[in-house]
Amino acid sequence: MKNLALATLSAVALAASANAGYVPDVISFTSLAAWQSAPSNPQLNLYPGSTAQFYTENFDGPSGVGAYSISGGAGWASWTATASSGVLGSSGTSIYAYSAGASLDFTFTEPFDMPLGGVRGIGGGFGFVDSVGNFVAGKIWLKLSTGDSIIKTITSPQSFVGFWVADPDQVITGIRVQPLGTGAASFSVNADTMYMGTVPAPGAIALLGAVGLVGSRRRRD
Amino acid sequence: MKAFVLFASVGVVSSAASAGVTSISCTSLKEWESAAELAGPSMVTVVDDLTGFAPGVYESLSGGSGWTSWTISAEGGVRAGASFIATSVPGPTLFFDFTGYASSQDGLRGIGGNFGFRDDYGNFQPGTILLILSSGESIFQTFNSETDFAGYWLIDPEVFITGMSVQPVYGSSLAGYSVSVDNLYFGGVPAPGALSLLGVAGICTSKRRR
Chain A
154 MKNLALATLS AVALAASANA GYVPDVISFT SLAAWQSAPS NPQLNLYPGS
204 TAQFYTENFD GPSGVGAYSI SGGAGWASWT ATASSGVLGS SGTSIYAYSA
254 GASLDFTFTE PFDMPLGGVR GIGGGFGFVD SVGNFVAGKI WLKLSTGDSI
304 IKTITSPQSF VGFWVADPDQ VITGIRVQPL GTGAASFSVN ADTMYMGTVP
354 APGAIALLGA VGLVGSRRRR D
Chain B
455 MKAFVLFASV GVVSSAASAG VTSISCTSLK EWESAAELAG PSMVTVVDDL
505 TGFAPGVYES LSGGSGWTSW TISAEGGVRA GASFIATSVP GPTLFFDFTG
555 YASSQDGLRG IGGNFGFRDD YGNFQPGTIL LILSSGESIF QTFNSETDFA
605 GYWLIDPEVF ITGMSVQPVY GSSLAGYSVS VDNLYFGGVP APGALSLLGV
655 AGICTSKRRR
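So the sequences go chain by chain: A and B. Here the first sequence stands for residues 154 to 374, numbered as in our numbering. Here the second sequence stands for residues 455 to 664, numbered as in our numbering.
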């Protein structure tokens, strides 16, 4: 089941803090709550005056092994999963790279609905599963298409890693969940929840405004 | 301040594993240390415990040498404690400048630290920070203990870390505390001379302790 547009948050347009440091391009997070509230956090000032939209993917579809790719989502949050070894598995509540040691790849290159600007935030519950689908702790290397990455030891199914792209000119076109360390040799890397976020690009906001004006005039006519 | 060489990595797995990756963020020291080999061959890591300063408030504080040189400053000045450096008052961002290195060969490629907050008595307080590198990479993290860690490696050999800002992200209960750093961890490929110097410094330190 796919949960479309779970939440909409309005980012507060505030002037940058006088004591702000360098300007971030991409921000990594290890807390789901912090990731979800980031677009509306005035201290981050990510997308002033814009509204973030979210999509949660629970991967609860039919179970089975042998697919070479699995697709889901909708519109700007469309995704396709593949595995570096070629074969995927689905448990009904998560998807995983069938072969131990293989990476799990997601691409977000389906045509997304303009004027939304594609995926700008991504995060999820990633980790490892054994042959019967039980969670196994282990270390992953989550790589973004932008070149940014995070290495994190996942210790529970509730662990979270994620990113927001702060640069309005960048979107996330894919991620790779790569196993690292000793667990990588014995267990399959998986994703049981994936969170996606988008924020209209400044150009899209202008376009939305223009469309709104035209619509308004047409209604008046 | 005392600087200790932690280790040098061989880095045989780096090129294929990190293809397409420009930076790696880590939230544990162990992961940051083990990621050194992914950042490139012959990577050396050095820790500076930021001690040796008389307790008090300074306009800025500097330390390290060569590619591990650092200057820490903040609006309103910085406060040196027994084992930490913090902003002199709650609110400002802590700025780190690493432009003291001698050449592009021995620039800074990795950086990390134990961050957090300090009250008026110098006691550690948990809290959330936004760490931003000069190259734009950033991590948003809550620090719950003095040993909590955040760090980065840059993979692109053409890009060095020249600075870092550590910005407090205040909730309603944290406004009275100053953002702080306990230890700084440096990663890079020092020039041969610099490496020898670090080795001599390490030996001297070791003999003095004995």
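In case anyone wonders, no lab produced these hints; they're calculated from the structure. There may be inaccurate statements among the hints.
What the hints assert, rightly or not - Computed spacing ranges between beta-carbons, pair by pair:
(1) Thr601(B) to Thr233(A): 38 to 44 Å
(2) Ser284(A) to Thr553(B): 49 to 55 Å
(3) Asp573(B) to Ser309(A): 29 to 35 Å
(4) Asp322(A) to Gly506(B): 42 to 48 Å
(5) Ser537(B) to Ser339(A): 36 to 42 Å
(6) Asp213(A) to Gly630(B): 53 to 59 Å
(7) Val511(B) to Ser339(A): 50 to 56 Å
(8) Ala508(B) to Val176(A): 32 to 38 Å
(9) Val285(A) to Asn598(B): 30 to 36 Å
Cβ atoms here follow ideal geometry from the backbone N, Cα and C, with glycine treated the same way.
Do valine 511(B) and serine 339(A) keep their Cβ atoms within the hinted range of 50 to 56 Å? The hinted range 50 to 56 Å holds for valine 511(B) and serine 339(A), with Cβ atoms some 54 Å apart.
Given the range 53 to 59 Å, decide if the beta-carbon distance of aspartate 213(A) to glycine 630(B) lies inside it. Given a distance of about 45 Å, which is not inside 53 to 59 Å, the answer is violated.
Holds or violated: the 36 to 42 Å window for the beta-carbon distance between serine 537(B) and serine 339(A)? holds, 41 Å
Aspartate 322(A) paired with glycine 506(B), Cβ distance criterion 42 to 48 Å: At roughly 44 Å between Cβ atoms, glycine 506(B) and aspartate 322(A) fall inside 42 to 48 Å, so the hint holds.
Regarding valine 285(A) and asparagine 598(B), is the given constraint of 30 to 36 Å on their beta-carbon distance met? For asparagine 598(B) against valine 285(A), whose Cβ atoms are near 34 Å apart, the range 30 to 36 Å holds.
Could you say whether the range 32 to 38 Å given as a hint is met by the Cβ separation of alanine 508(B) and valine 176(A)? holds, 35 Å
That 38 to 44 Å hint for threonine 601(B) and threonine 233(A) (C-beta), does it hold up? For threonine 233(A) against threonine 601(B), whose Cβ atoms are near 41 Å apart, the range 38 to 44 Å holds.
Return holds or violated for the Cβ distance of serine 284(A) and threonine 553(B) against the range 49 to 55 Å. For serine 284(A) and threonine 553(B) the Cβ distance comes to about 52 Å; the hint holds.
State, for the Cβ atoms of aspartate 573(B) and serine 309(A), whether the hinted interval 29 to 35 Å holds or is violated. This hint holds: roughly 31 Å between Cβ atoms.
Consistency with the previously given hints fails for number 6 only.
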